[in-house]
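A.B. asks: Chains A and W, in that order, are what the protein sequence lines are. Taken in order, the first sequence gives residues 223 to 339; the numbers are from our numbering. Taken in order, the second sequence gives residues 21 to 138; the numbers are from our numbering.
I should point out that these hints are in silico values taken from the structure, not numbers from a laboratory. Please note that a few of the clues may not be correct.
[As the list claims (entries may be wrong)] Derived Cβ-Cβ restraints for the label pairs, each shown as a range:
{"hint": "1", "chain 1": "W", "residue 1": "G58", "chain 2": "A", "residue 2": "V315", "range": "37 to 45 Å"}
{"hint": "2", "chain 1": "A", "residue 1": "S283", "chain 2": "W", "residue 2": "V137", "range": "39 to 47 Å"}
{"hint": "3", "chain 1": "A", "residue 1": "K313", "chain 2": "W", "residue 2": "P118", "range": "36 to 44 Å"}
{"hint": "4", "chain 1": "W", "residue 1": "L84", "chain 2": "A", "residue 2": "K313", "range": "18 to 26 Å"}
{"hint": "5", "chain 1": "W", "residue 1": "D61", "chain 2": "A", "residue 2": "I311", "range": "35 to 43 Å"}
{"hint": "6", "chain 1": "A", "residue 1": "K289", "chain 2": "W", "residue 2": "P92", "range": "35 to 43 Å"}
{"hint": "7", "chain 1": "W", "residue 1": "L115", "chain 2": "A", "residue 2": "E257", "range": "27 to 35 Å"}
{"hint": "8", "chain 1": "W", "residue 1": "I119", "chain 2": "A", "residue 2": "L308", "range": "32 to 40 Å"}
[Claimed, not checked] Below are the BS3-like pairs computed for lysine-lysine, each with C-alpha atoms no more than 25 Å apart in a straight line:
{"hint": "9", "chain 1": "W", "residue 1": "K114", "chain 2": "A", "residue 2": "K284"}
{"hint": "10", "chain 1": "A", "residue 1": "K289", "chain 2": "W", "residue 2": "K63"}
{"hint": "11", "chain 1": "A", "residue 1": "K282", "chain 2": "W", "residue 2": "K63"}
{"hint": "12", "chain 1": "W", "residue 1": "K114", "chain 2": "W", "residue 2": "K63"}
{"hint": "13", "chain 1": "A", "residue 1": "K284", "chain 2": "W", "residue 2": "K63"}
{"hint": "14", "chain 1": "W", "residue 1": "K87", "chain 2": "A", "residue 2": "K313"}
{"hint": "15", "chain 1": "W", "residue 1": "K122", "chain 2": "W", "residue 2": "K63"}
{"hint": "16", "chain 1": "W", "residue 1": "K26", "chain 2": "W", "residue 2": "K63"}
{"hint": "17", "chain 1": "A", "residue 1": "K336", "chain 2": "W", "residue 2": "K63"}
{"hint": "18", "chain 1": "W", "residue 1": "K24", "chain 2": "A", "residue 2": "K289"}
{"hint": "19", "chain 1": "W", "residue 1": "K87", "chain 2": "A", "residue 2": "K319"}
{"hint": "20", "chain 1": "W", "residue 1": "K26", "chain 2": "A", "residue 2": "K289"}
{"hint": "21", "chain 1": "A", "residue 1": "K336", "chain 2": "W", "residue 2": "K26"}
{"hint": "22", "chain 1": "W", "residue 1": "K122", "chain 2": "A", "residue 2": "K319"}
{"hint": "23", "chain 1": "W", "residue 1": "K24", "chain 2": "W", "residue 2": "K63"}
{"hint": "24", "chain 1": "W", "residue 1": "K114", "chain 2": "A", "residue 2": "K336"}
{"hint": "25", "chain 1": "A", "residue 1": "K284", "chain 2": "W", "residue 2": "K24"}
{"hint": "26", "chain 1": "W", "residue 1": "K122", "chain 2": "A", "residue 2": "K336"}
{"hint": "27", "chain 1": "A", "residue 1": "K282", "chain 2": "W", "residue 2": "K114"}
[What the hints assert, rightly or not] Footprint (simulated), chain W over chain A, 3 or more residues, beta carbon under 8 Å:
{"hint": "28", "segment": "250 to 257"}
{"hint": "29", "segment": "264 to 270"}
{"hint": "30", "segment": "284 to 294"}
{"hint": "31", "segment": "298 to 312"}
{"hint": "32", "segment": "320 to 326"}
None of the values given here were measured: they were computed from a predicted structure. Backbone N, C-alpha and C define an ideal beta-carbon position, used for all residues, glycine too.
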Amino acid sequence: MKLFLIGLFAGIVGGMGIGGGTILIPALTIFLGTEQHIAQSVNLLSFIPTAIIALIYHIKSKNIQYKIVTLIIIGGIIGSSIGAILAAITKAVILKKIFAVFLFGMGIYEIFSKPRK
Amino acid sequence: MADKLKLFFIGFITGIINGLLGAGGGTLIVPAMVFLLGIEDHKAHATAISIILPLTIVSSFIYLQNKIIDIPLTINVAVGSTIGGIIGAYFLNKLSIPILRKIFGIIMIVASVRMLVS
Chain A
223 MKLFLIGLFA GIVGGMGIGG GTILIPALTI FLGTEQHIAQ SVNLLSFIPT
273 AIIALIYHIK SKNIQYKIVT LIIIGGIIGS SIGAILAAIT KAVILKKIFA
323 VFLFGMGIYE IFSKPRK
Chain W
21 MADKLKLFFI GFITGIINGL LGAGGGTLIV PAMVFLLGIE DHKAHATAIS
71 IILPLTIVSS FIYLQNKIID IPLTINVAVG STIGGIIGAY FLNKLSIPIL
121 RKIFGIIMIV ASVRMLVS
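One chain only, chain A, in its complex shape (with noise of 0.2 Å):
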């Protein structure tokens, strides 16, 4: 149940586009003592159907900008594979130092950003 409620939550904030992740991995880690690695193969893993679900809506309504995505995503393979190889080979104690610095960045960065229309 509690873990139900973590994915809920989580799924909420995600679907609102404010990074699922970011509140999935410390809630895991904190409340349940996950272990970091695991925490984050359940927040990969766990987006799969989700963003699929989301990727049939947003076809739909044509929000997707084709022109720019190639490039990104063939730059963003060659980066995801080394980051999770880099992840694997990495301590668990010194992973949740680097996550928890990068979400203090992103935390003042949702604090004071201003949307854009």
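Here the structure of chain A is known, so what remains is to put chain W in place on it, guided by the hints.
C.D. replies: Relative to the frame of chain A, chain W by itself:
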């Protein structure tokens, strides 16, 4: 050419963060698209998902190969988050996002401090 390189590097940096931290790609790429590429906010959010999905699949594959996985935990969380995702998308236009962003920003900072000192 410079534009193509820019697109490639935006993807590259997003990918490294998303793969290394298992999250955060979307939080990075939306402002990158809005501020560096001049794309509208809601289109940037939708486009971000089309980019993060393939990156997440690639990273997930590497995590699985390294046996970094907990299937029961993942299923429980995924069921909740998929339902939550639908609720969140539904409420997106009904709530004040700027206020929510500030609330979540504070939650993120508190969580980051807890993770740093634990």
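A.B. asks: Now tell me, hint by hint, if it's right for this structure.
C.D. replies: Hint check:
At roughly 40 Å, the beta-carbon separation of G58 of chain W and V315 of chain A lies within the given 37 to 45 Å, and the hint holds. Distance hint for S283 of chain A and V137 of chain W: a CB-CB separation of about 43 Å, consistent with the stated range 39 to 47 Å. Checked against the hint of 36 to 44 Å, the pair K313 of chain A and P118 of chain W passes, with Cβ atoms roughly 38 Å apart. One distance hint, 18 to 26 Å for the beta-carbon pair L84 of chain W and K313 of chain A, holds here, with the actual separation near 20 Å.
The hinted window of 35 to 43 Å between D61 of chain W and I311 of chain A holds, with their beta carbons roughly 37 Å apart. Here the CB-CB span from K289 of chain A to P92 of chain W is close to 42 Å, well matched to the stated 35 to 43 Å. Separation of L115 of chain W from E257 of chain A is about 34 Å and conforms to the stated range, judged on CB atoms against 27 to 35 Å. Checked against the hint of 32 to 40 Å, the pair I119 of chain W and L308 of chain A passes, with Cβ atoms roughly 36 Å apart.
Using a Cα cut-off of 25 Å, the hinted pair K114 of chain W and K284 of chain A holds, with the two alpha carbons roughly 21 Å apart. For the hint pairing K289 of chain A with K63 of chain W, the CA-to-CA distance comes to about 13 Å; that is within 25 Å, so the pair holds. Note on K282 of chain A and K63 of chain W: the hinted pairing holds, with a Cα-Cα distance of about 13 Å set against a maximum of 25 Å. Restraint check: the Cα-Cα separation between K114 of chain W and K63 of chain W comes to about 18 Å, which is no more than 25 Å; the hinted pair holds.
At most 25 Å may separate the alpha-carbon atoms for a hinted pair to count; K284 of chain A and K63 of chain W meet this at roughly 9 Å. The hinted pair formed by K87 of chain W and K313 of chain A meets the criterion: a straight-line CA distance of about 15 Å does not exceed 25 Å. Proximity of K122 of chain W to K63 of chain W is assessed by CA-CA distance (about 22 Å); at most 25 Å being required, the pair is judged to hold. Only pairs whose Cα atoms come within 25 Å are accepted, and K26 of chain W paired with K63 of chain W is accepted, the gap being roughly 19 Å.
Restraint check: the Cα-Cα separation between K336 of chain A and K63 of chain W comes to about 16 Å, which is no more than 25 Å; the hinted pair holds. With a CA separation close to 11 Å, the supplied pair K24 of chain W and K289 of chain A stays within the 25 Å bound. For the hint linking K87 of chain W to K319 of chain A, the alpha-carbon distance of about 22 Å falls within 25 Å, and the restraint holds. Only pairs whose Cα atoms come within 25 Å are accepted, and K26 of chain W paired with K289 of chain A is accepted, the gap being roughly 14 Å.
For the given pair, K336 of chain A sits about 23 Å from K26 of chain W by alpha-carbon distance, which is consistent with the 25 Å threshold. Of the pairs offered as hints, the one joining K122 of chain W and K319 of chain A holds, with about 23 Å between alpha carbons and a cut-off of 25 Å not exceeded. A C-alpha spacing of about 20 Å is found between K24 of chain W and K63 of chain W, which places the hinted pair at or below 25 Å, so the restraint holds. A C-alpha spacing of about 18 Å is found between K114 of chain W and K336 of chain A, which places the hinted pair at or below 25 Å, so the restraint holds.
For the given pair, K284 of chain A sits about 23 Å from K24 of chain W by alpha-carbon distance, which is consistent with the 25 Å threshold. A hinted pair counts as satisfied when its Cα atoms are at most 25 Å apart, and K122 of chain W with K336 of chain A qualifies at roughly 10 Å. A threshold of 25 Å between alpha carbons decides the hint, and for K282 of chain A with K114 of chain W the separation of about 21 Å falls inside it, so the pair holds. Here the segment 250 to 257 of chain A counts 4 residues with a CB under 8 Å from a CB of chain W, which clears the bar of 3, and the coverage holds.
Only residues whose beta carbon comes within less than 8 Å of a beta carbon in chain W count, and the segment 264 to 270 of chain A has 7; three or more means the coverage holds. For the segment 284 to 294 of chain A, the stated coverage by chain W is satisfied: 7 residues place a CB nearer than 8 Å to a CB of that chain, which reaches the threshold of 3. Here's how the segment 298 to 312 of chain A fares: 14 of its residues keep a CB closer than 8 Å to some CB of chain W, so the rule of at least three is met and the hint holds. Judged by the Cβ-Cβ criterion of 8 Å, the segment 320 to 326 of chain A is covered by chain W as claimed, because 7 of its residues qualify and three suffice.
Going through the hint list in order, the structure satisfies each hint without exception.
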